[in-house]
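**Q** This is what each chain is made of:
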Amino acid sequence: MQKLFNDMKKELLLMMVSGLCGIAQAQMPLPTPTVQVQQVPAQQNAQGQPQQQPQQQRGAQPPGAAEPTNPQIMGVEIPLLDPATDTVSYNGGKFDVGNNAAVRAKFETFLHGTPDTSEQAALYSKKIDAILADTKKYSRNRKAIGSAAMVRMGKTLYKLADLPRDGGQSGVLASSIVSALDAQRGNRARDEESAALDRDIDDLVKKTNNYVNRNTVGNKGAQAQIGDIKGPAQNSTSVSNTFVIAHNTKSIAEKQAAKVKNSATNVEKEIAAKITYQSNLVTFLMMRRFDHAVIAARIYRHIFKDGDNKMQIDEKSQANEMLSGVAGVPPTVNTVDSMASEARSSVDKHMEAVHSMLAQNKLGEATQHLIEAVAIGEHMKSVFTFPVEGRRRVAAYWTLRKRALTALNARDYGTVDEIARKMKEMDVDFDDSMLLSYSAGRKRQSDLCIRNARKALLEGKDEEFNKHITEAGTIWPLNPNLDASAKHLEQFDNKEKELSEFRTLFARGEFRTIFKEQERFECVAVDPTLKTQYKEVILLVSTIDAMLKQLESVADQDKVMGPCIAYEKLVEYRTSEPRAANDPAYKDSLNHYAGKAHDFVQALRDAEDCESRREYGSALSNYYRAQCLYPKSTLAGQGAAKVSEIIVKAQY
Amino acid sequence: MSRRRSRKSKGGNTTWLLITIVALVVVLGGAYFVKSQSGGTALAKPQNFSIREYRNDGSRMAVPGNHYLLEGRIENIETIGNNRLISVSLKNNRNERLPLLVTKDTTLDVNLTRKDIFLFNVECRTGRDASGNEVKGILVVKNAKTVQ
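Top to bottom, those sequences are chains U and E.
Each residue of the first sequence is one higher than the one before, starting from 165 at the first, in my numbering.
Each residue of the second sequence is one higher than the one before, starting from 506 at the first, in my numbering.
Worth flagging that the hints you see were computed from the coordinates, not collected in a lab.
Wrong hints could be hidden among the right ones.
[To be verified] Okay, derived cross-link-like pairs now, EDC-like style, lysine to aspartate or glutamate, Cα gap no bigger than 20 Å in a straight line:
(1) U/K733 with U/D763
(2) E/K609 with U/E809
(3) U/K813 with E/D610
(4) U/K619 with U/D581
(5) U/K423 with U/E516
(6) U/K806 with E/E576
(7) U/K651 with U/D611
(8) U/K270 with U/E283
(9) U/K651 with U/E628
(10) U/K796 with U/D720
(11) U/K813 with U/E775
(12) U/K414 with U/D362
(13) U/K419 with U/D367
(14) U/K806 with E/D610
(15) U/K469 with U/D298
(16) U/K474 with U/E434
(17) U/K760 with U/E809
(18) U/K270 with U/D280
(19) U/K806 with E/D621
(20) U/K419 with U/D364
(21) U/K806 with U/D773
(22) U/K607 with U/D647
(23) U/K806 with U/D770
(24) U/K813 with E/E601
(25) U/K425 with U/D364
(26) U/K796 with E/E639
(27) U/K371 with U/D298
(28) U/K370 with U/E434
(29) U/K813 with E/D634
(30) U/K796 with E/E583
(31) U/K699 with U/D709
(32) U/K291 with U/E272
(33) U/K586 with U/D596
(34) U/K423 with E/E580
(35) E/K620 with E/E639
(36) U/K806 with E/E583
(37) U/K300 with U/E506
(38) U/K796 with E/E628
(39) U/K813 with E/E628
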């Protein structure tokens, strides 16, 4: 529960930071058109049409589409971070932490800046730490900060305001303290004045009572009672006392009124002072000046000693929502103190993690921690002193990540692959599978469309061709095959030359030439006869190439029999497909294996020569020799069987 | 006188000796000719045989009528019709095989079995196929005997 609470506060701070920058509100979908790496694959439809931006999709819930709400505490929704998408879900809206423009801009500014290790910055940190230590001591000991200590802190704060690292915030804090103290001083003066008035009233009452008593004695039997100042005057003395009594009575009333006025003024000034001070306190928190927020919060109870820590802020204000939204209880100064302290601790932990991850070369994790550290506490010492070497490494990784997002948005999948490879090189833990698989899928889709387009082109279906080629370009605009398709299209427009050349090459049996330029000759498909011939050529040469590749593998595996096998297969293929004999690759390969299996080939050739001279005994002997060299030889076996039959059936 | 008689006697002996020698040579030559023409079971003197030359130059090695005495192991026997074609690996070259024809008319003293070694008496012949075309250089087994 405590952990959940801490996480909530952290994420809330992030939202607060962005909200302060005026770019993202927790309850509104982000208008920034960005795409997340992890989200993109699911955000495009099957046809490759880019859909709405992710934030818009997530943020704008269609009516009636009930999305599961976050858990609530005391009726207030808890903002939750989805670590898979770096998205905070809160109050029906989505907030993309890692892809927020303002956070991104601040982070990049930080990365490209230099660490502030100047003497002034060190002095500033030292002084601030000293003040924090002082306030902590007084806070822990429940001892009132004396005026001397308060003055010392104020002077130190005023001095710090002049340092560039401070940005004048210490001056504001010091002024707030002074203003609050002035207000308290004024209140005390009015209290003293009220006390004096009390004393005056008491004196006047006492005097008036005496006058009244004398009047009573002077009248001898008069029925007037003490304090009955309205009784009828019986003589000159009575008349004289009566006026004094009336004057005193009037003075008492006036003093009572002045006292009431002082009391009201005190209340008014007290509230005004608290509002002013608390306003600065919240401002420090929202500006992520956590040191100042902590100092101000700790000093608060020493300035305002009435024990009332409740924040005097408008219930409808964003600050009130932020401060009370965590647990639904009224915010107090201690809440601010707690949040600021937690933020300081969180930033330091993040920076420790950054150093650790960089040492392990885990740039992805380091970048994530650094983003959060910068977003939460860019003014913290551990952040602004982060070394330049680390910044450069993270910046390089961050730039690649940005390029990946841009490339995905632009559907440049070639670049996506390259970036994924580089990111993997930089960070071994980087999971490039999603990028690569998505990219490969889109590429294949585009290529498939191009293939369909070519098919349509060959079939003369212009409309279908246009549809497929447009689709291919939409899915992957930079698909290199699109250029090839464009060339094909041009060839179809000027196809007479290709038709003539194809006929000539086919007649000469130069199939390999046609095969090498098959894309150029695709246009011959407009003629059914040439189309058939074209297919034959492509099939023939493809078959030869596949066979040669397979035979090469066989020959490599068995250095003795392999060449014999290869030679025999080539000869057999030539028997079934005589056109192969004209193919240069086939001929080269045949000669190559004939050289490798020289004895075997020579035996077969000698056998054939002997056959031609009708010297069948010698021919059979040569076939036997070939069989000895390659026992499984089909050519030798067939030749031997044929000659054996001739020999045996002859008459001698 | 006696010296004249003696000189006559010496010249006459030499003549008779020459005549006798010539007659003896003629008789022996005739006998050898008669014997060689009669044939019989005795093997003719074998000529040197090279299987390599037989493969490469059949016209020289396979002159019809040439006889060869070959020692070899039967590697395979193929029977087609009534004729048999055996392949033999020779004693001095086991890596090559020589085809020998055993015709149906040939009567052998032994049974030819695979993997056994025999001494073959072969003769080079030229046959004719069904169309009358020559079938040259066939080694026909005339006789064979087992080699222990």
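**Q** It remains to establish, for every hint, whether it holds in the given structure.
**A** Status of each hint after checking the structure:
1. U/K733 with U/D763: 17 Å, holds
2. E/K609 with U/E809: 15 Å, holds
3. U/K813 with E/D610: 14 Å, holds
4. U/K619 with U/D581: 28 Å, violated
5. U/K423 with U/E516: Violated, at about 59 Å.
6. U/K806 with E/E576: 27 Å, violated
7. U/K651 with U/D611: 16 Å, holds
8. U/K270 with U/E283: 24 Å, violated
9. U/K651 with U/E628: With a Cα-Cα distance of about 18 Å, the restraint between U/K651 and U/E628 holds, given a limit of 20 Å.
10. U/K796 with U/D720: 18 Å, holds
11. U/K813 with U/E775: 16 Å, holds
12. U/K414 with U/D362: 14 Å, holds
13. U/K419 with U/D367: 12 Å, holds
14. U/K806 with E/D610: 23 Å, violated
15. U/K469 with U/D298: 19 Å, holds
16. U/K474 with U/E434: 13 Å, holds
17. U/K760 with U/E809: The hint is violated at about 31 Å.
18. U/K270 with U/D280: Status holds; Cα separation ~16 Å.
19. U/K806 with E/D621: 26 Å, violated
20. U/K419 with U/D364: This hinted pair holds, its Cα atoms lying about 8 Å apart.
21. U/K806 with U/D773: 15 Å, holds
22. U/K607 with U/D647: Status holds; Cα separation ~15 Å.
23. U/K806 with U/D770: Satisfied, since the Cα-Cα distance of roughly 15 Å is no more than 20 Å.
24. U/K813 with E/E601: 24 Å, violated
25. U/K425 with U/D364: 16 Å, holds
26. U/K796 with E/E639: Outside the cut-off at roughly 30 Å; violated.
27. U/K371 with U/D298: Violated - the C-alpha atoms of U/D298 and U/K371 are around 53 Å apart, more than 20 Å.
28. U/K370 with U/E434: With a Cα-Cα distance of about 34 Å, the restraint between U/K370 and U/E434 is violated, given a limit of 20 Å.
29. U/K813 with E/D634: Holds - the C-alpha atoms of E/D634 and U/K813 are around 7 Å apart, at most 20 Å.
30. U/K796 with E/E583: 18 Å, holds
31. U/K699 with U/D709: Judged against 20 Å, a Cα distance of about 15 Å means the pair holds.
32. U/K291 with U/E272: 29 Å, violated
33. U/K586 with U/D596: The hint holds at about 10 Å.
34. U/K423 with E/E580: This hinted pair is violated, its Cα atoms lying about 141 Å apart.
35. E/K620 with E/E639: Not OK: E/K620 and E/E639 at ~32 Å, beyond 20 Å, violated.
36. U/K806 with E/E583: Within the cut-off at roughly 13 Å; holds.
37. U/K300 with U/E506: 15 Å, holds
38. U/K796 with E/E628: 31 Å, violated
39. U/K813 with E/E628: 18 Å, holds
Going down the numbered hints, you'll see the structure goes against 4, 5, 6, 8, 14, 17, 19, 24, 26, 27, 28, 32, 34, 35 and 38, while the others check out.
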